Structures are given as structure tokens and as C-alpha cells.
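**Student:** Sequence:
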Amino acid sequence: MGLLTILKKMKQKERELRLLMLGLDNAGKTTILKKFNGEDIDTISPTLGFNIKTLEHRGFKLNIWDVGGQKSLRSYWRNYFESTDGLIWVVDSADRQRMQDCQRELQNLLVEERLAGATLLIFANKQDLPGALSSNAIREPLLCGRTYSGHWDSSGIVEPHSLEEGRAANRSPTG
237 MGLLTILKKM
247 KQKERELRLL
257 MLGLDNAGKT
267 TILKKFNGED
277 IDTISPTLGF
287 NIKTLEHRGF
297 KLNIWDVGGQ
307 KSLRSYWRNY
317 FESTDGLIWV
327 VDSADRQRMQ
337 DCQRELQNLL
347 VEERLAGATL
357 LIFANKQDLP
367 GALSSNAIRE
377 PLLCGRTYSG
387 HWDSSGIVEP
397 HSLEEGRAAN
407 RSPTG
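Under this note's numbering, the first residue of the sequence shown carries the number 237, and numbering increases by one thereafter.
Simulated from the structure, these hints should not be mistaken for lab results. Errors might be hidden in some of the hints.
Computed spacing ranges between beta-carbons, pair by pair [as the list claims (entries may be wrong)]:
no., residue 1, residue 2, range
1, Gln343, Tyr312, 30 to 40 Å
2, Asn372, Asp276, 27 to 37 Å
3, Pro366, Glu318, 33 to 43 Å
All values derive from a computational prediction rather than experimental measurement. Virtual Cβ for every residue (Gly too), placed ideally from N, Cα, C.
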């Protein structure tokens, strides 16, 4: 499951999608985006605003908005909600100390009307690090056992063990 799941669920005539990538600071949002785009990830600094990348994937044009996750920037997230087709919520699986903050911020997003109808994808990042929480240990507290079926399509949840595994899951059999 992953990006391909989101694409399959988007039964729109339009082949261009707007994806909003959010999460707490240091979750790995920019690293994921750069890696998917084939860019160097050796020198990444905190995002103090936003990055936009347009990627082609299986016939879809994906406009991915990577928005900084520092506490001082979170109040600005709402400026990016309009016309969002999918929300990619990136979680640092190894950052147990901030899981409550992560839950609170996601819960705030899940009740946001301007994101109604968007597909939710939870990217459990950094699963390859020592002490990382399992996907189930992350999913349950984040979603509080709710499915948000009336407001959200939350069935597209990705559970990679690392960035490489998440990327591999989205490749076609031919490459």
C-alpha cells in the first residue's frame, strides 16, 4: 500500500493531483520528497516555509507541497488546504517523545473542513532506526480508533519500514 493506493482511489478524470505533505519537524518530509525526485539527500536543512515538487508517477502529475513542521509554522498549514486531493502525514517512528504532539496535530487536521474528501496516507518513516514504534503502535493512537469515513478516506495508510521500502512499494514491476 502507499502512493499507488492513493492514485487508484482517485477516480478523477483529471490526472493532476495536489498532495500536501505535513508532519512535525524532523519527521523526514523533505528527505522523502527529494528521494522520490531522485535528488541528493546528504545536505538537508529544516524547511522554513514550503517546497513544491511536481513528479510524474504512473500517468499522474503529482504536485507535492512539503510544508515545514516547526511549531512556529504549524498555524500556517491551513493556508495550504485548498484543493488538496491527498494528505501525506509523515511520522518519525523513532521519536517516541513527541508522539502525543503528532497525534494532536493530526487530529486537528482530521476535523478541518477544507480537507474534506482528501485521502489520508500516514507515512511511518524511520522504521529502520533502533527503538522505532511499529506501524500499529503509531496508527492506533494517531487515529484514536476512528475511521473518519464520512469526512476522510483513510484507507490508504502506508507502513514502510524505511524510506527505501516505501519507495520500492510504489514502483511498477518494470521499474
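**Student:** Go through the numbered hints given earlier and state which of them the structure violates, listing their numbers in rising order.
**Tutor:** 1
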